[in-house]
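A.B. asks: According to the working numbering, the residues represented by the sequence shown are 1 to 268, in order.
Hints may contain errors.
[To be verified] Across the chosen pairs, the derived CB separations fall in these ranges: (1) E87 to D13: 30 to 38 Å; (2) P30 to A65: 51 to 59 Å; (3) L236 to P81: 21 to 29 Å; (4) P81 to M50: 35 to 43 Å; (5) K78 to Q98: 34 to 42 Å; (6) L76 to V252: 18 to 26 Å; (7) Q9 to S131: 29 to 37 Å; (8) L3 to F82: 47 to 55 Å; (9) E87 to L142: 53 to 61 Å.
[To be verified] Once the Cα atoms are required to be at most 25 Å apart in a straight line, the calculated DSS-like pairs of lysine-lysine come out as: (10) K155 to K140; (11) K112 to K149; (12) K112 to K176; (13) K179 to K149; (14) K161 to K140; (15) K221 to K78; (16) K77 to K140; (17) K45 to K6; (18) K112 to K140; (19) K246 to K95; (20) K246 to K148.
Hints listed in this document are in silico derivations from the structure and should not be mistaken for laboratory results. The beta-carbon is built from N, C-alpha and C at its ideal position, and this holds for glycine as well.
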Amino acid sequence: NELTEKEYQIWEDASNRAFEFQEGIQTSIPIRVTSEKLLPQRENKFLIPMYLPESSILKEYLIFARQREKEYHTRLKKLYPFRILFENCTTEILKNAQNSFDQKEINFPGKKIELNFSLSFIPFYASYSVSNNWNNEGEKILLSYRRKKLVELLKQNPNLKTRILESFTFSSSIYKPNKEDHFFPLFTDDVFWGRPLYGTVNLAAGFGTSLIGIFTLPFDKGEKLQKGFQSLFFSLPELVFFNIRKGTFPSVSIKEIPEELFQFQDED
């Protein structure tokens with residue numbers, strides 16, 4: 001008969017007490033006694049015996065898992081669509097903030113921004129619109145994840161080499177290229193006067209990606225071509241000193257996010 005969870009805990013507790021007793025006898029050291037359950041609390045590597053299906057069955061499972069992943073990704077994109085001009089991260093933040101007020105109970109503090117006929121899909125213009133239309137207590141600048149990490153890194157290694165390496169997406173120790181982002185060689189959020197030059201390089205990269213995307217269209221269903229257009233779109237404002245693109249960091253854990261970014265979070 002198989003052990004129940006409770007029986008297994010009793011057996012594990014008894015085994016640990018027996019081990020402690022044996023160690024005390026062999027090494028002539030006092031035996032630690034406690035009324036609490038002696039269950040493991042630290043990590044350790046051990047092998048778990050398990051049955052693995054045959055390779056042919058595993059291949060079938062893999063094909064099925066990949067199909068499910070594609071279906072999930074397709075449904076996710078339909079549920080949360082991304083359109084640069086109408087449904088991007090900036091417009092959704094404004095929508096959620098404005099729709100969170102119930103007009104019957106609490107009036108919106110200020111004038112709502114009409115997003116259908118506004119340039120507020122652009123972050124810097126959205127900030128301007130919020131300042132002019134919403135009741136607010138002023139502005140506070142919070143550095144992005146990359147810029148905050150860059151400041152810390154330059155304090156440790158204040159040299160030109162570090163700054164150059166961190167300027168490129170492919171050599172940065174803070175940012176790792178990922179499928180959420182389109183291709184762009186240079187960060188422009190931490191430079192100003194050199195932004196048009198950096199933007200020119202990014203624009204050329206976007207053009208090159210779009211060109212390659214034309215040839216790969218039959219194979220990737222236009223994914224690379226779409227990434228190329230996105231790269232071009234985000235690079236154009238950089239030619240006139242504006243920055244939109246910050247890069248995404250999907251692998252960053254919640255513990256690594258700067259604490260000041262949580263100061264506006266609801267206490268609940």
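A.B. asks: Which of the numbered hints are not met once you compare them with the structure shown?
C.D. replies: Numbers 1, 5, 7, 9, 11, 12, 14 and 16 - these are the hints that the structure violates, sorted from lowest upward.
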